[in-house]
Amino acid sequence: MARDLRVCFVGDSFTAGTGDETGSGWVRPLVAEARASGTALTAYELGVRRETSLDVARRFHDEVAARLRDGDDRRVVLSFGANDVSAPAGRPRVPHERTLAVLTDLLDDAWASGWATFVVGPPPSLDPAQTARAIDLSLGMAQVCEECSVPFVDVAAGLADDDTWASSVRAGDGVHPLAAGYARLADVVRDPLLTWLD
1 MARDLRVCFV GDSFTAGTGD ETGSGWVRPL VAEARASGTA LTAYELGVRR
51 ETSLDVARRF HDEVAARLRD GDDRRVVLSF GANDVSAPAG RPRVPHERTL
101 AVLTDLLDDA WASGWATFVV GPPPSLDPAQ TARAIDLSLG MAQVCEECSV
151 PFVDVAAGLA DDDTWASSVR AGDGVHPLAA GYARLADVVR DPLLTWLD
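Residue numbers (this note's numbering): 1 to 198.
Hints listed in this document are in silico derivations from the structure and should not be mistaken for laboratory results. Predicted, not measured: the structure shown is a model, and the values here were computed from it. We put the CB at the ideal spot given by N, CA and C, even for glycine.
With beta-carbon atoms standing in for the labels, derived distance ranges:
id, residue 1, residue 2, range
1, 35, 104, 25 to 33 Å
2, 62, 101, 19 to 27 Å
3, 39, 129, 34 to 42 Å
4, 127, 36, 32 to 40 Å
Take these sequences, add in the hints, and give me the full structure.
Right, here's the structure in full:
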């Protein structure tokens with residue numbers, strides 16, 4: 001009997017694919033690739049615009065538990081941080097150490113619930129200072145994930161010098177990319193995520 005794999009993708013507007021004129025984002029193409037390669041899975045996209053790690057944490061357990069009640073292989077992909085490092089009032093919306101503490105709590109919750117977890121860091125911004133904060137946060141997130149034996153993908157470093165990503169964000173709303181940018185994000189996440197899902 002084939003395994004019953006269910007995966008919740010929990011995060012912010014980038015998880016939701018905001019700005020992609022095709023509506024695909026980065027999650028749907030990778031789920032489609034996994035299915036095409038023979039991995040049968042049910043995927044739930046749970047991205048909410050403007051949410052920080054604190055917002056994600058408030059809804060995390062209830063939303064995931066409602067969708068992973070059944071199934072013999074229950075997993076979660078966490079993807080947040082872009083809103084944490086944004087600084088509309090001159091300082092990051094969530095302090096660096098607070099974001100890392102929230103990530104630790106979420107990973108502990110997932111482990112206690114029997115949900116295998118995979119973490120995707122925040123993407124870079126057109127604002128160099130915000131990109132620097134995203135890269136710095138990603139280093140901390142990577143360390144937390146390593147300590148918890150959870151795979152992590154550093155999207156900020158992977159796309160910081162990517163011309164396609166930057167031009168796609170400029171052509172979009174200045175924050176979110178169009179489809180070409182999401183395709184590049186998917187390229188960064190693809191191999192580690194598909195290996196983890198297999």
